[in-house]
Amino acid sequence: MRYLLINILFLSLISCASLSTTKNLKTTSINKIVENSYFSNIELDYVYKAKINVNNNNIGGLLIVKKIKKKHHRVVFTTEFGNKIFDFEFNNNVFKVNSIMEQLNKKIVINALKKDFQLLIKEFNKATNKFNDNTHFIYQTTLNKKDNYYFINKTTKNLDKIVMASKHKEKVTIYFKNKKNNIAKNIQIKHQNFNMNMQLNYLN
Amino acid sequence: MKKTILFIFIVVLSSLIANSQTKLSQSESLVLKNKIIKTSKATKTITNNFKQSKHLSFLSKDIVSYGKLVFKAPDLIKWTYNKPFKYSVIFKDNQLFINDDGTKSDIDLSANKAFKNLNNLIIQSVKGDMFDDEKFDISYFKVSTNYMIRFVSKDKSLKSFIKEFELTFDTQNYHVLNIKMIESSEDYTTITFLDQQINKSVSDAIFIN
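Chains as they are written, first to last, in our numbering: chain A, 896 to 1099; chain B, 243 to 451.
Read the hints as simulated data drawn from the structure, not as lab findings. Worth double-checking, as some hints may not be accurate.
As the list claims (entries may be wrong) - Capping the alpha-carbon separation at 27 Å, the derived lysine-lysine pairs in DSSO-like fashion look like this:
(1) A:Lys1021 / A:Lys1074
(2) B:Lys325 / A:Lys1002
(3) A:Lys1002 / A:Lys918
(4) B:Lys398 / B:Lys422
(5) B:Lys355 / A:Lys1002
(6) A:Lys1074 / B:Lys325
(7) A:Lys991 / B:Lys405
(8) B:Lys346 / A:Lys1080
(9) A:Lys1001 / B:Lys325
Here chain A stands alone, though its shape is the one from the complex:
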């Protein structure tokens, strides 16, 4: 009986500790740069209609991403009327808030937004581990003490999704859908730890 209890305890610890993203997948250690090239063209203005649902409240607007130069992006969110909600700048991993609406000007909100958008736009990512499932090569990278998993489709070679996770739990998943000429026409950013979902549809 005691043996069984220890066994159950041990098993439940194991299951707690393993991330479902990479569960039962074989890993090899590598040294490779994984690219997210969906916001990499300096010539393009990336303008998306955004629909955000936070705790069943809906917020709409436009998400505008522009690559200024290598490793330097502007990320701006405006209302449909054109009023800026926030204006962020990512320059070589240095993050700057150019402006943010008074109501959102809170450290916790800014940090959450920063993490999401950094994950969305970061172009070059150093992978240290590689996993393999039926359809994807999965590259593990690390950023801000979190592990990010880049799912590269084995057939199309496209980046299909990114999963941000702690050691034990998935936090955020970004799905890139309807991809053409290095533009993801539909993007979904889904939070696993709280009720927030962002749907982005490319305009033009």
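Given the structure of chain A, go ahead and fit chain B onto it with the hints provided.
What follows is chain B alone, placed relative to chain A:
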């Protein structure tokens, strides 16, 4: 060569004429202000198509959208975007009713001061009647064939949003032709009204989400 010089001369001259901006005298300003207020009071409905351009300094081109605006006195407005996305918002009974491509929601303005102020400004700017000296430093201009009135925000919280409004008026009928909202960063949004119809009958049913 002569032709080229002449051509450059004409281009420069015409651009100078097009951009010529003269400040109105105090008495001219007062006459214009009174005419606009009178027109605004007589305006029961406005039905417009509009073109909106968002200028952000770091983008290679402006973000352009199109839609339709319906106003019914005293304070009903429906603002609809048709291209390149579908989105509408109705200002009614101190509430905003939003339809974001099928996703409907509403915002109670009485609980949200910032939105309420913005709502009032939108109504006032569409009517052209924004003559609040406590909120704005107001100056009057003749710009090419139109009038332009500049409203520079005095209020600190509004200023952080929109530094100034420039409303362009038709010299014949004193209605608003163009709204330009300039942010403190100098980025701006312009809304140009097209196919304007004044006091055409408008059903209340339009303002149901």
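Next item on the list: Take a quick look at whether lysine 398 (chain B) and lysine 422 (chain B) sit within 27 Å of each other, Cα to Cα.
Entry: holds, 19 Å
Next item on the list: For the pair we were handed, lysine 325 (chain B) and lysine 1002 (chain A), check the Cα-Cα distance against 27 Å.
Entry: violated, 35 Å
Next item on the list: Would you mind confirming whether the straight-line C-alpha gap from lysine 1074 (chain A) to lysine 325 (chain B) stays at or under 27 Å?
Entry: holds, 22 Å
Next item on the list: Take a quick look at whether lysine 346 (chain B) and lysine 1080 (chain A) sit within 27 Å of each other, Cα to Cα.
Entry: With Cα atoms ~23 Å apart, lysine 346 (chain B) and lysine 1080 (chain A) stay inside 27 Å; holds.
Item checked: Holds or violated: lysine 1021 (chain A) to lysine 1074 (chain A), with C-alpha atoms at most 27 Å apart -> holds, 23 Å
Notebook entry, point to check: Given the proposed pairing of lysine 991 (chain A) with lysine 405 (chain B), does the C-alpha separation stay at or below 27 Å?
Noted result: Answer holds: lysine 991 (chain A) to lysine 405 (chain B) is near 22 Å, not above 27 Å.
Check: lysine 1001 (chain A) and lysine 325 (chain B): Cα distance at most 27 Å?
Finding: violated, 34 Å
Notebook entry, point to check: Between lysine 1002 (chain A) and lysine 918 (chain A), is the straight-line Cα distance small enough, at 27 Å or below?
Noted result: Given that 27 Å is the threshold and the Cα spacing comes to 34 Å, the pair is violated.
Margin query: So if I understand the rule, the pair passes when the alpha-carbon distance is 27 Å or less; does lysine 355 (chain B) with lysine 1002 (chain A) pass?
Written below: The hint holds at about 22 Å.
Checked against the numbered hints above, the structure violates hints 2, 3 and 9; every other hint is satisfied.
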